[in-house]
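In case you want the letters, here they are:
2 protein chains.
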Amino acid sequence: MKELKNLMGWRPDIKVVDCTLRDGGLVNNFFFSDEFVKKLYLTNLKAGVDYMEMGYKASKELFDMTKFGKWKFSEDEDIRAVIKDNETDLKISVMADVGRCDYKNDIKPKSESPVDLIRIATYINTIPQAIDMIMDASNKGYETTVNIMAISQAQESDVEIALEMLGQTPVGCFYIVDSYGSIYPEQMTRICDLYLNIAAKYGKKVGIHAHNNQQLAFANTIEAVGCGVDYLDATYSGMGRGAGNCYIESLIGFLHNPKYNLYPVIKFVENYINPLKEEGITWGYDMQYLFTGLLNRHPKSAIDFTKDGRTDLSELYNEVILLD
Amino acid sequence: MKELKNLMGWRPDIKVVDCTLRDGGLVNNFFFSDEFVKKLYLTNLKAGVDYMEMGYKASKELFDMTKFGKWKFSEDEDIRAVIKDNETDLKISVMADVGRCDYKNDIKPKSESPVDLIRIATYINTIPQAIDMIMDASNKGYETTVNIMAISQAQESDVEIALEMLGQTPVGCFYIVDSYGSIYPEQMTRICDLYLNIAAKYGKKVGIHAHNNQQLAFANTIEAVGCGVDYLDATYSGMGRGAGNCYIESLIGFLHNPKYNLYPVIKFVENYINPLKEEGITWGYDMQYLFTGLLNRHPKSAIDFTKDGRTDLSELYNEVILLD
Chain A
7 MKELKNLMGW RPDIKVVDCT LRDGGLVNNF FFSDEFVKKL YLTNLKAGVD YMEMGYKASK
67 ELFDMTKFGK WKFSEDEDIR AVIKDNETDL KISVMADVGR CDYKNDIKPK SESPVDLIRI
127 ATYINTIPQA IDMIMDASNK GYETTVNIMA ISQAQESDVE IALEMLGQTP VGCFYIVDSY
187 GSIYPEQMTR ICDLYLNIAA KYGKKVGIHA HNNQQLAFAN TIEAVGCGVD YLDATYSGMG
247 RGAGNCYIES LIGFLHNPKY NLYPVIKFVE NYINPLKEEG ITWGYDMQYL FTGLLNRHPK
307 SAIDFTKDGR TDLSELYNEV ILLD
Chain B
7 MKELKNLMGW RPDIKVVDCT LRDGGLVNNF FFSDEFVKKL YLTNLKAGVD YMEMGYKASK
67 ELFDMTKFGK WKFSEDEDIR AVIKDNETDL KISVMADVGR CDYKNDIKPK SESPVDLIRI
127 ATYINTIPQA IDMIMDASNK GYETTVNIMA ISQAQESDVE IALEMLGQTP VGCFYIVDSY
187 GSIYPEQMTR ICDLYLNIAA KYGKKVGIHA HNNQQLAFAN TIEAVGCGVD YLDATYSGMG
247 RGAGNCYIES LIGFLHNPKY NLYPVIKFVE NYINPLKEEG ITWGYDMQYL FTGLLNRHPK
307 SAIDFTKDGR TDLSELYNEV ILLD
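Protein chains in written order, with the numbering used here: chain A, 7 to 330; chain B, 7 to 330.
If you're looking for bench data, these hints aren't it; they were derived computationally from the structure.
Treat the hints with care, since some could be wrong.
Since the list gives no way to pick out one identical chain from another, each pair is judged satisfied if it fits inside one copy or across any two copies.
[To be verified] Result set (DSSO-like, lysine-lysine): computed pairs, CA atoms no more than 27 Å apart in a straight line:
1. Lys306 - Lys273
2. Lys116 - Lys146
3. Lys283 - Lys306
4. Lys44 - Lys283
5. Lys283 - Lys313
6. Lys313 - Lys73
7. Lys73 - Lys110
8. Lys73 - Lys146
9. Lys146 - Lys110
10. Lys114 - Lys283
11. Lys313 - Lys90
12. Lys52 - Lys283
13. Lys21 - Lys114
14. Lys73 - Lys273
Only chain A is shown next, with the shape it has when bound in the complex (with noise of 0.2 Å):
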């Protein structure tokens, strides 16, 4: 049985981070109008959001700069161009993938930035490349977190030997990334537990970033925060890569800490996302991410039944079930 009194009460230390633009972008190839961006940034601090995260940092040598928006490469003047310098609570983020990103160069130090945390993502097998970005963006005075994705393929013993390298790194946040959406609340418990304890053993909070493919997102995000887990992904509308992320609203509203605020979020999403989709840009649950998150699959080839309009599902589902 969980803190059921949490449904009553709160937990200081949540901590909400906002990856619209980034999880989102990846749906629209992060081409958001600055309007939307600015609009963004005033909604998040009205609604009590403790993190804003602005994008990628991409390396400008594997990506073609032309082909995305600006906030795949998040540079430090685009970001003030909108926010200024952000003399605010509410802290900037920016992802910075292994093997993507160029961060010797492209991450300059804390002073010299509007960007507060740095947040590392990588796979279970780039764990030394994580912790080399996590010592230099801690070298130049960020926060960081670690986010390890795919881990519903990973070997639970490898994913503890992982945590217990990062545990003796500065890194302040170990991230549960459930990028299949195939964890369901139940496993989320036993996943919350591995990662407690290993982070309470060193100081480092935990963190969850789950998506949709089996409607489970927000349900795996406050079973996590009934768990103890702390720093909580979530995007307006649950926009984010295919089926999508946890619903922003859903978990304002759920959360009790008397800081968040529901009613900005409301018009951001009547004003700026419901647009966006009307626009035609496509995310979110359908029966095709069902079958990538039930199958523990990646779920690029139900983003392309998406794209190509197929509507054939149980073909699809057998050309999935074919990779095995």
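Model the placement of chain B on the given structure of chain A, informed by the hints.
Just chain B, lined up with the frame of chain A:
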């Protein structure tokens, strides 16, 4: 901590109840074609579904038969026209609402009917009438369940008294009904404990009927499975009033009972459910349903908002809040 091992194993007592025609009928006024109903029946057979609900047993005095499809009334001859004498393991149910069913006349003896189960739906303040309907149906030879609706607005102590009264009847199963989609999984655990304790005392089963206003219908259903609830309501792609119900495809994908098969469910969604959506039949999660779920209100205002094609979500939120 729940019975985690059951994510690997399975419980033979689980029963999946397909309510597509009944709860789904609320969004198309029960105008399903005979072909749809026949294919749904054949799909349920192949999928290993345990009960198929044909519709309501509504009073022909209270409701104008010309304004609704036949599944609002679910007459024995209409059921027989589609499924003949149903000599299969799939059982047939109908729902009878307290105060909206002329049960003494319209429910014939079981020996003359293809129906196996009468599901009696009641509010907390009409338990004596529900008991009279249970006795009537039971004396006529039917299995019965009782579905106490809108319990999120009832007092726990009243629910307890109601269950003690119902325990002394021949009813087979107490249903937990989250009519407003307002219950979180942590609360569901507490509610399941309450129902299961009284059910155990009287040798009854417990069931769950969830709504998806907060995208928690599936999460609450599998939470209930973990607690020991056996009768699980679901509909194809969640088809049901407002935000809809637990998706049967998610549930069948989750359950490990070897009798259940996902593939026929996928085919039915592809060939019969998705075309309904394309015709403009509307149901499923949207932000307006989050409001009524979060605020524990009847979904009527959100349903009207949807029907009227409104987009002013913040204004609706104010309207719902101002009902207080």
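Each hint, compared with the structure:
1. Lys306 - Lys273: between (32 Å within a copy, 21 Å between copies)
2. Lys116 - Lys146: Within one copy only: 6 Å inside a chain, 77 Å across chains, cut-off 27 Å.
3. Lys283 - Lys306: For Lys283 and Lys306, the Cα distance is within 27 Å both inside one copy (21 Å) and across copies (25 Å).
4. Lys44 - Lys283: within (19 Å within a copy, 36 Å between copies)
5. Lys283 - Lys313: Close inside one copy (14 Å) and across copies (19 Å); limit 27 Å.
6. Lys313 - Lys73: within (18 Å within a copy, 40 Å between copies)
7. Lys73 - Lys110: within (23 Å within a copy, 70 Å between copies)
8. Lys73 - Lys146: neither (30 Å within a copy, 70 Å between copies)
9. Lys146 - Lys110: Within. Shortest intra-copy distance 10 Å satisfies the 27 Å Cα cut-off; inter-copy 79 Å does not.
10. Lys114 - Lys283: neither (35 Å within a copy, 51 Å between copies)
11. Lys313 - Lys90: neither (37 Å within a copy, 43 Å between copies)
12. Lys52 - Lys283: within (23 Å within a copy, 37 Å between copies)
13. Lys21 - Lys114: Only inside one copy: Lys21 and Lys114 sit 25 Å apart there, 59 Å across copies, limit 27 Å.
14. Lys73 - Lys273: This pair counts as neither: shortest intra-copy Cα distance 31 Å, inter-copy 38 Å.
Checked against the numbered hints given earlier, this structure breaks hints 8, 10, 11 and 14; the rest are met.
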